[in-house]
Structure formats: structure tokens, C-alpha cells
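J.: Position 193 of the first sequence, counted from 1, bears residue number 194 in this note's numbering, the numbering being contiguous throughout.
It is worth saying that the hints were derived from the structure and are not from the lab.
Listed below are the simulated PhoX-like cross-link pairs for lysine-lysine, each with C-alpha atoms no more than 20 Å apart in a straight line:
| hint | residue 1 | residue 2 |
| --- | --- | --- |
| 1 | Lys368 | Lys413 |
| 2 | Lys153 | Lys270 |
| 3 | Lys275 | Lys153 |
| 4 | Lys437 | Lys316 |
| 5 | Lys44 | Lys368 |
| 6 | Lys465 | Lys488 |
| 7 | Lys437 | Lys69 |
| 8 | Lys153 | Lys282 |
| 9 | Lys390 | Lys345 |
| 10 | Lys368 | Lys356 |
| 11 | Lys368 | Lys334 |
| 12 | Lys416 | Lys368 |
| 13 | Lys334 | Lys386 |
| 14 | Lys334 | Lys356 |
Label pairs and their calculated CB-CB ranges:
| hint | residue 1 | residue 2 | range |
| --- | --- | --- | --- |
| 15 | Asp129 | Pro500 | 52 to 62 Å |
| 16 | Gly352 | Arg118 | 42 to 52 Å |
| 17 | Ala410 | Gln508 | 34 to 44 Å |
| 18 | Tyr338 | Leu119 | 48 to 58 Å |
| 19 | Phe418 | Lys465 | 44 to 54 Å |
| 20 | Thr205 | Glu458 | 34 to 44 Å |
| 21 | Gly234 | Ile122 | 41 to 51 Å |
Glycine is no exception: its CB is placed at the ideal position from the N, C-alpha and C atoms.
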Amino acid sequence: MASPDKSSSQPKSPAPQSDQKTGAGITPRSVSYSDWYLDIIHKAELAEHSAVRGCMVIRPHGYAIWEKMQRELDDRFKATGHVNAYFPLFIPLSFLTREEQHAAGFAKECAVVTHHRLKTIDGVVQVDPDSKLEEPLVVRPTSETIIWHQYKNWIQSYRDLPILINQWANVVRWELRTRLFLRTAEFLWQEGHTAHATEAEALTETQRMLDVYADFAENVMAVPVIKGRKTPGERFAGALDTMCIEAMMQDGKALQAGTSHYLGQNFSKGADVKFLNREGKLEYVYATSWGVSTRLVGALIMTHSDDTGLILPPKLAPIHVVIVPIYRKDEEKERVYAEADKVKAELSAQGLTVKFDDRDNLQPGAKFYEWESKGVPIRIEIGPKDLEKGVLCLVRRFVLEQPGETPEAERKRRKSFVPRAEAIAGIPTILAEMQKELYLRALAFRAARSRIIDSLEDFERFFKQEGGGFAWVHFAGSSDDEDQLSKRFETTVRCIPLPDQIPPEAQGSGTCILTGQPSPQRVIMAKAY
RNA sequence: CGGGGCGUAGCGCAGUCCGGUAGCGCGCCUGCUUUGGGAGCAGGAUGUCGGAGGUUCAAAUCCUCUCGCCCCGACCA
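Please put together the full structure from these sequences, using the hints given.
T.: Below, the structure is given as C-alpha cells:
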């Protein structure tokens, strides 16, 4: 168990939040995890609230991270045979009623367009009452229904299958309680919608895309995930099976980072999409859908960042290297700038994104803090001394913690002076190391906050006294039993892990922690975002 | 959507109890000096006090309504 909370060593004074912020203007995680999260987003200029309730503005630095995610994911979708397309934002209300379960799942959070015109009445611009739509349009909360309506026209025989389409889009779910990136009324995502001739092929697709998500999370985001399936209660509305990847945040809570659904014939029946199979018989098409959203940016923040600011895995960092010039006289400035330009060019030639911070109204220290809070993995300081010695001063955004080390010592360890050529050639290696270390650090954190638990007493102690995390428990109860546990401990079954996701010590059958019924395997219970 | 808290300059806040016409720090602009971990001095600009009504000679302050954010619940990616 890692020491999850340093607040115990601090006086629990009712001081205003601002007094508890660090010099960086960030509330320490130990004081308030949610304030910390918002401070990070603010300091790193990732996003902010807009004039519209529950909707956020994604600022350039935040959007650049999303664009990097998009690129990585899109490449993987293409590599697995998918193509992109685009379907409408609006869905006729009647479409949603065709798949009952699906409609019920989203009914409570739909934005509905009912009019199509404004009119100035008594000098006030308002909705023209005479412009009512014959059929209201629902702003898509997800696109299964409208996409399957279209697939009906595209599918006649098994030769038309499979259809492997993805779309990048925004969707709207009228959430009551929102948090930047994690849950907003409008969000950006991708949704894959595939059509198959057989159940087996659709099931394979469901699993394959889950694997794509897990690969992306672990190798690009450096976020370790556990692959599993949802319980019936947590399943996507209208799916026969929902598979997911679950990640652990620094407060021990689980975050669903991606889902892949096997939809069976539910949507093809709803839209009446049949095909002629090889035997010449009409059959309903088998479907999958899968998606990840801008929520992943939230996952990224909550997995890696520290009390100084954002920490980004190099593969998703919009800027890999920032160069900060140091000089006194104009003559020095000239030489330093010339060198900075050269270093930038040489690194750019290696495919790295480099920012030369040539603002002359800030002192170097201010720039250091700013770029650290924005998560730039490597800083190069270039000053007259470096020019003389032929070295570059490299500073890493983070290094793996060493127990008992003072912040000053750690700062020193992050900094190194390296012969110029060696430094330039070595930066990709450093970035690769950081990428790996971030993953290992997150993995170690998750391990430290995971427990195998066999009794309700231990379960209660874990979540109420020991900070909680992932509890590997045997659970064989009903949905009602799950609700009961949720009410008592605020925990839910995050997933039923796939067999190869279960560590050796957690394998095997047992008896349900709540009901004592026999249970074939352990599940992960946790508090969740 | 229920309970609690908060909206005052770009950011963080004081002022609200007890009405008298708005202030502090940071940031911003100009100039000079500075620059290897958040610069100094001098001068300067910036506010429909979240919004709408009301009470009053007078409202950031009192009353009513409303919008938004944060926290805790219910719901959810």
C-alpha cells in the first residue's frame, strides 16, 4: 500500500483554498484532489468553462493533445481495416424509439430540437412559434440508430459485409453534473459502427477493438488498463455485451477509458437490416460499436500529473522540447539565440516538436515553471557557459521518485549537462525512457492500491479507512446486490476481467463476498468516475 | 434534480453582517535596469460588483427572482 494521502501530516485547518496552493498556484492533491484536477487544467490552459452550461471550451494546448490521440487512434483504426465517414448530428425522434432498451438508456439526457426559426417579436429575438418541426430532432447522444438506418440501404447480401466504419464527431448527453473532460454535456469522440454476417465475426471485432484501445492506452497514453466486461447493470443500452478498459486514477478511483460493444442483432432488427447469406437465406446483420472520448484527456491528467502541473507522456506531448535562452548582454543574447535556432532545427529534423521560448519579458525561472505546468517533457537551457563548454543543459519534466529525496535533490537529478552532439542525438532516447517510466510508475501505483479481498470486513476497511483502490473480490450477486454494495461503499463492479488480465494470486473460483454463493472468478470493485 | 458553498479588474481575493458611489496582490502597458528556478524601480490602464427586478435620497452591501461554477448525493462515457 502506497501512502495515499499526505494530508494526515498537515494541519486540517479551515484555511481558504488559495492559501493551500503551492507556489505554482495548484492545490496539492493531498488537500483536494478535485481542486487539484481543475487547477491543472487551468494552469496548463487545457480547457475552460463556456457560456453554455456543462459545455467546455477546449483550448489549443488541450486540443493539441486530443489531436495527437486522434492521430494515434485513427492510424490504428485504419490499420485494422476501418474507414471514416460522417453521419448527421440530428436524429429523428422516431429512430430512437425503434430499439426500446437503447432509447430508454438515453431518454433522460437528450437535447431535442423542436423549432427551426427565430423571429423578432416586440424587438426581442425569440423562437418563432410558427416554426415548430413536424418531428422533433434529437441531438445525437450516440449514432447507432441513424447509422443503421443508412446501413439498410447499403446491405443486401453477405458480399456487402463487413462494413467497418468509424466517425469522429461530437455528441450531446444532457448531464446534470459535469466536470471538465470527464463529463460534459457535449463531448468529442469517435464511434465505430460495424456490420457483420456472423455472430462470431462481430464478437471478434468487439474483442479486436478492445485490444486496440488497450494498446493505445498502455503504449501511447502510458496508462495501464484492465480489460474486462461490464455486468448487465453497467452494460451499454441496447448491447448484448459491453467490454471495457478500466484505469486507476491517482485517488484510487476507476475510470472507464473505452468501451467496445457487441450489439448482436438488436439494431439491425430495429432498422430492419437483413442480408442474403451464402445459403440464400435472409438474416439480420450482426453489429458492434466502440468508442473513446475526450474523457481520455482527463484520464491522462489524473494518471500522471503532479502538484507542479501537467505531466504528459512524450507520445502525446504537443511540444517535446522547449528551449529557454539565458543571457545578460545583447552580445550574449545574439549568440544564444543563434545556437537555440540551430538546436531547434536539428531536433526538428529528427521529427521532434520544439518550442523556442524567445519572450524577453519573462525571466528564465518564470518560463521554467510555465512549461513544467504545461507538461513539456524536456527543457533545454542554453546560456553563455554552455556555448563555451559545448554542452546543452537538459532538464526532464519528471524522474522516478526516490524514497526520502528532498525536492531540491530531485530537481538537481532532473538536470544534466551533456555534450552538445550527444544531447541532440540522445533526446529521443530520453523521451522513450520517460514514456516507459510513466507507464511503470502508473503500473506500480495501481499494484500498490489493489487488494485481493475475501470478506466484507476487509472490503469495508479497504474503502473506508485505507483509501481504497481496486478490490479483487468474488461477487456472484444480482444487480440488486450490486446496488446494495454501491449504496454502502460507493463501489461498483468496474469489470469482470478477461482471464488473461487476472494476476496469478487472484485467479481461481471462490465464494461471493456478499451472498456466499459460488463464484467462478474475481471481479474488480472500485469507486468510479 | 435535491442539500451546502461561492460569483467583485485577465487570475486570486478583501469589502457585504452594520447601505454613502470600489480596493489589494499577481498579471497587463510605457521607460530604464535585469535574466542559470517565478526580477527591481518609476509611471500608467483596466470593473455593466454574474444578471433582472424591487426597497431607498443613496445598493457590491437589504429583499425577490434568475443564471453559472464548486462540493456532497441520485444519474451517467
